[in-house]
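A.B. asks: All chains, please: the whole structure from these sequences, using the hints.
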Amino acid sequence: MQTSSTRASLAVLRSAPALLFVAVVVLFAILAPRFLEVQNFANILTQSANVAIVAVGMTFVLLLAGVDLSVGAAMYVCAAVAGLYFKDLPAPAAMALMTAIGALFGAINALFIVGLGIAAFIVTLATLFVGRGLALHLSQTKMVFAGDPVLAFGQGGFLGISYAVWTMAIVLLLALWVQQWTPYGRYLYAIGADREGARKAGIPVRRVVFATYVLCGTLAGLGGFVSFSQVAAASSGFGLQKEFPVIAAAVLGGTSLFGGRGGVLGSVFGAILIQTVQNGLVLLNANPYLYPLVISAIIFIAVLLDSQRTRILARLTRRQIRIEPGVEARRSTAT
Amino acid sequence: MSSARDSAASERAGGAPLLKVEGLRKSFFGVEVLKGVSFTLEAGKALGVIGENGSGKSTTMNIINGLLPPSAGTMAIDGRPYAPANSKEAARAGIAFIHQELNLFENLSIAENLALQAFPRRISWLPQIDKARMRARAADLLRRVDLDLSPDMLVNRLAPGERQLVEIAKALSGDARIIVFDEPTTSLTSREAERLFALVAQLKARGLGVIYISHILEDVLRLCDDVVTLRDGTMVDNRPAASVTTGHLIESMLGRPIAELFPPRSAAAPRQEVALDVRGLTQPGIVHDLTFRVMRGEIVGIAGLMGSGRSETARILFGLDPALSGTVAVNGTVIAQRSPRACMAAGMAFLTEDRRGDGLLLPEGVLTNVELARLADLRTNAAAPLPQAMLDRDASEAARSVRIKAHDLVRQPVLSLSGGNQQKVVLAKWLLREPAVFILDEPTRGIDVGAKAEIYGLVRQLAERGTGVLVISSEVEELLGVCDRVLTMAHGEIVAEFTWPELDRAAILRAAMQRQEGAA
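Note that the protein sequences, when read in sequence, are chains Z and U.
Mapping the first sequence onto full-length UniProt numbering, position 227 (from 1) lands on 227, and the numbers just tick up by one.
Mapping the second sequence onto full-length UniProt numbering, position 310 (from 1) lands on 310, and the numbers just tick up by one.
To be clear, the hints were calculated from the coordinates, so they are not data collected in a lab.
Since the model is a prediction, treat every value here as computed from it, not as a measurement.
There may be inaccurate statements among the hints.
Below 27 angstroms or equal to it, Euclidean Cα-Cα: the simulated DSSO-like pairs (lysine-lysine) are [claimed, not checked]: (1) Z:Lys200 / U:Lys131; (2) Z:Lys200 / U:Lys405; (3) Z:Lys200 / U:Lys20.
Just the calculated beta-carbon pair ranges, DEER-fashion [unchecked claim]: (4) U:Asn86 / Z:Ile118: 47 to 57 angstroms; (5) U:Ser150 / Z:Asp148: 25 to 35 angstroms; (6) Z:Leu283 / U:Pro340: 29 to 39 angstroms; (7) Z:Ser296 / U:Gln202: 51 to 61 angstroms.
Listed below are several chain Z residues computed to face chain U (Cβ distance under 8 angstroms; list not exhaustive) [claimed, not checked]: (8) Ala32; (9) Tyr189; (10) Gly197; (11) Arg199; (12) Pro204.
Where is the CB? At the ideal position from N, CA and C, for every residue including glycine.
C.D. replies: Take a look at the structure:
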């Protein structure tokens, strides 16, 4: 029983990220003319790559109605190990190494979540502190520097596009394929919608959940590599609280925190939106202490919109016993 | 479908029935709940299975579905022994279940739901779904159930009847040879139900075996070739549908004249004081303009199919769900802001459908549970010590009066009591409060016949002490036996009212089954 007004508000809520993005671009274009330059957009993309890559893994976890708070810690551990012990590795090897460490980190999360059945929130909160503590211990709280090959990756590019953006694009395309075209991708949605039902339908729920946390850790490692190559060094603040922009990017892009709804394309888009705001604030010479306030306001709006959309959807799908006269039947408007 | 037809043909040649169940028994913790059930299902035939709640229907079906192992007895498909260890093996043997609650993923498309068990691939080493083949197969299955929808449509856009057809299509995709329907029509409109019946006939014509479980006896007689009746875990009847009437079925389900099961009605007419007065209660999409009264000392029943709004009505009355307009008054006083707290303060009590979830502290003893209802009254000062001796005395008296069978009222956890005794604990709890209005939602669900009779007696006693009682039940026989008046609900409205002794089963069911125009 959808009335036209609720359908309209749903349509607005569904395209909210796009509207938000347009509003932000228009606002900054008016306030800061340099904002519209091509080079500036290239910068935004390059800078958003690390969050976008990690957000792809996070999206898969969120689709399962799970969460991974430890992604920032995983990034730091990867960077610390690579910078301390494998400084001279060529860039592809360093990338592979950090990705593998991320996968191991994710596997430890998965072991506790799937193997012991502990809530993901608790497990990843714990590994967040363990991971940061471990990286601080290894680095003796000193700054860890990236090797020259890694630095070259951070500054280089191909066809005028930075390696970071290439990495982001490849990850996005692969993730889109996994999400839309593989049984694993469709299982994510089924499990997120109804875990018990998925188990009854013969979906290997535990295996899928395990693989997803490993994948999230893997992409955290890759995101960590991209970030490490760009900032050239990992201090004690590396990857700190990265889980917030990552989850915010996914939610901004339309992924529900309650599972079963959303996708990786929106999350990458959300990451770019967040970076766009940050970039605009820099161009405006805004007080740096204001950044967290503005970013958190955007995140708040995104979560608010998501909860509104969920509420409206819940109202629309609530079981109706009777059909009120004067209201069209749902089927006639739905088809 | 060709494989099913072939195997059906070969089976006919061999002479063994499609499914043969012999001497099935099942005990839980030493209590025998299934005492030897035997029947056969031939290919191309439909077998109706009826019985009251707790008669052993679901246990039998769970054994067939591989969810429970039988304590004794054998099963055979096409004459070959069949002993499934889990539901997957049952599916592999060709048995598909259409449950009351459908198992579809709303955020996936029809085609994906149909292919979920084994997504088709084009290249064996690449885990990429062959979407074209998936879509084509879904379209073919949808045609077989006469559902004219795009395979790409998301399931959350389908009406309940369409979802059921998708579920049946799913059963057909696994090349099922036996399809078990468990109360399939409860959420369907009449047009959708007709469509389902036509499909069942088609399935039979294709040589599949159908097991049809339903409370709507008219449907069972119409669709089935044979009817099996279970009562208290025993198969009491198994005969061709053509040779019985609904009257016979009811009698064999109950196993005794209705009069014996239910307490005598009080000779005195109900008092002229109104206990519960409901006026114009409306919540869009749920209930519409409910207006009725329950007098002190009167037992009023609400009949209706699942989804007619009967349980929702109880929840709204007790303040658990909101209502847009309308008033509820207890003993002449309108309850202003309905909430469970306000309703209890006004003298209302509510026995929920889900006594394990809502009504009881399962790990605690009987007395603790019974005392719970009194705590709110006693607590004048939250820090003051409780008058424990008095509480215990009152609670044991209440427990005795409802004859709870427990060896230790203090230490034995309620969890370990039988369903009937658990229900008596909830009753005792509310009896202590002497409510002005008592709402009971499915008070005898899953309780054996003996305990049922006792509970009916208690409800009658309560009424005789001046409480207005509202009983909601899906078992029409129960309402016929215990109520002074029966209101029938359909699509959220009260559509008929019957007063004892003019309570007529067929008329009540007819009223309950009238469908709302334009509901399809």
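A.B. asks: If a hint holds in the structure, say so; if it does not, say that too.
C.D. replies: We went through each hint and held it up to the structure:
Taken as a hint, the Z:Lys200 and U:Lys131 pair is honoured in the structure, with Cα atoms around 24 angstroms apart against an allowance of 27 angstroms. Between Z:Lys200 and U:Lys405 the CA atoms are separated by roughly 37 angstroms; this puts the pair beyond 27 angstroms, and the hint is violated. For a cut-off of 27 angstroms, the pair hint linking Z:Lys200 to U:Lys20 stands: about 26 angstroms separates their Cα positions. Judged by the Cβ atoms, the range 47 to 57 angstroms given for U:Asn86 and Z:Ile118 is violated: they are separated by roughly 27 angstroms.
Our hint of 25 to 35 angstroms for U:Ser150 and Z:Asp148 is violated, since their Cβ atoms are close to 56 angstroms apart. For the pair Z:Leu283 and U:Pro340, the beta carbons lie near 57 angstroms from each other, so the given range of 29 to 39 angstroms is not met. For the pair Z:Ser296 and U:Gln202, the beta carbons lie near 60 angstroms from each other, so the given range of 51 to 61 angstroms is met. Contact between Z:Ala32 and chain U, as hinted, is not supported at the beta carbon level, the nearest pair being about 41 angstroms apart and thus beyond 8 angstroms.
With a cut of 8 angstroms, the hint placing Z:Tyr189 at the interface with chain U holds, because the nearest CB-to-CB distance is about 5 angstroms. The closest approach between the C-beta of Z:Gly197 and any C-beta of chain U is roughly 5 angstroms, which is under the 8 angstroms cut-off, so the hint is satisfied. Look at Z:Arg199: its Cβ only gets to about 10 angstroms from chain U, farther than 8 angstroms, so that hint breaks. At its closest, the beta carbon of Z:Pro204 sits 12 angstroms from a beta carbon of chain U; the interface hint therefore is violated under the 8 angstroms criterion.
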